[in-house]
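Q: Modelling step: build the complete structure from the supplied sequences, incorporating the hints.
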Amino acid sequence: MPSLSYLVARLLQIIPTFLLVMIFIFLLVRLLPGDPAIAMAEAKATDAQLEQIRHNLGLDEPLPVQFLVFVKNTLTGDLGRSIMLKAPVTEVILSRLPTTIFLALYAVVLAVFLAGPLAFLAAARVNSPVDVAIRSVFQVGLSMPVFYIGLLLLTVLAAQLRWFPVGGYGKTFFANLYHLILPALSVALYTSAIILRNLRASLIEVLDADYVQFARAKGLSPRIIMTRHVLRNALVSTVTLLGLSIGNLMSGTLVTETVFAIPGVGRLMLEAIFARDYPLIQGLTLTFAVLVSVVFLLTDVVQSWLDPRLRQS
Numbered sequence: 000m001p002s003l004s005y006l007v008a009r010l011l012q013i014i015p016t017f018l019l020v021m022i023f024i025f026l027l028v029r030l031l032p033g034d035p036a037i038a039m040a041e042a043k044a045t046d047a048q049l050e051q052i053r054h055n056l057g058l059d060e061p062l063p064v065q066f067l068v069f070v071k072n073t074l075t076g077d078l079g080r081s082i083m084l085k086a087p088v089t090e091v092i093l094s095r096l097p098t099t100i101f102l103a104l105y106a107v108v109l110a111v112f113l114a115g116p117l118a119f120l121a122a123a124r125v126n127s128p129v130d131v132a133i134r135s136v137f138q139v140g141l142s143m144p145v146f147y148i149g150l151l152l153l154t155v156l157a158a159q160l161r162w163f164p165v166g167g168y169g170k171t172f173f174a175n176l177y178h179l180i181l182p183a184l185s186v187a188l189y190t191s192a193i194i195l196r197n198l199r200a201s202l203i204e205v206l207d208a209d210y211v212q213f214a215r216a217k218g219l220s221p222r223i224i225m226t227r228h229v230l231r232n233a234l235v236s237t238v239t240l241l242g243l244s245i246g247n248l249m250s251g252t253l254v255t256e257t258v259f260a261i262p263g264v265g266r267l268m269l270e271a272i273f274a275r276d277y278p279l280i281q282g283l284t285l286t287f288a289v290l291v292s293v294v295f296l297l298t299d300v301v302q303s304w305l306d307p308r309l310r311q312s
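Here the sequence shown stands for residues 0 to 312, where the numbers follow numbering that gives the first Met the number 0.
Quick caveat, the hints were computed from the structure, so don't treat them as lab data.
Idealized CB from N, CA, C, for every residue including glycine.
Treat the hints with care, as some may be off.
Simulated DEER-style distance windows between Cβ atoms [said to hold, decoys possible]:
#1 Thr45 to Trp162: 20 to 28 Å
#2 Leu74 to Arg222: 45 to 53 Å
#3 Gly76 to Trp162: 37 to 45 Å
#4 Phe273 to Arg29: 14 to 22 Å
#5 Gly76 to Phe273: 23 to 31 Å
#6 Val289 to Leu151: 30 to 38 Å
#7 Leu58 to Ile203: 51 to 59 Å
In the DSS-like style, the derived pairs of lysine-lysine whose C-alpha atoms are separated by at most 30 Å in a straight line are [as the list claims (entries may be wrong)]:
#8 Lys217 to Lys85
#9 Lys71 to Lys85
#10 Lys43 to Lys85
A: Written as structure tokens, this is what we have:
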């Protein structure tokens, strides 16, 4: 397992990354077209009322002062008040975030269970009809946008065959598994294609390595060779790719939640953009950045466990 010093060093590396993300979000929201005061005010608001709203939001202060206030409020958990929902942004995000996390984890599990066994099968029979068929099917999933896969599954499996619900979200764990199977599968099909292509290539490379041939010559059983020598080394690059693709996965949940009417933060982001809810956009963007940073940290930890040489570097 990774040492405590390695984990502390990785955590410290997140601090400058988080600071750069905060600067980017702060500037991005202020470069968006429109005036937050006009969005918050009533239709017949006077100029004096608009100026008062700008003063309450701190928009009449210099940008450096606004940024320092933004950093202080963020570190204390105060992300402002949603213009659209008339509620604290932190409470709104926390009420929707578990749904998106559940959907993302569900999609990752499905992607791994879809791609893993088929990648082993394809690598064991390189360039055979089975290998070609597996790669061809997953190439189709890789070439189609996530929203199109979602609409296709929604039309065929939900609307026509009625095997699954059209949308929504359950109230229990197993109800969620049932209601979110199609949204999770929409995201998983694309992610599984990426995993399969990388894992298949890694397995083929490792199976032909000298140390694997030597292990076979020593008479080790196929199970020991696979678990001790092949699997662990082949997974290093796949884990890296899975961590890097988390951004695509999050954007996939954003579109999928809208298609399937799932009350997550992805759908909330689109609603906030259309409503020009600047505090909510700012808070959601920051939330996505934190989630991606945490995933990258976990990816590094798993990588260092699979390959101890990374801890020394």
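Q: Can you list which hints this structure breaks, lowest number first?
A: 1, 8
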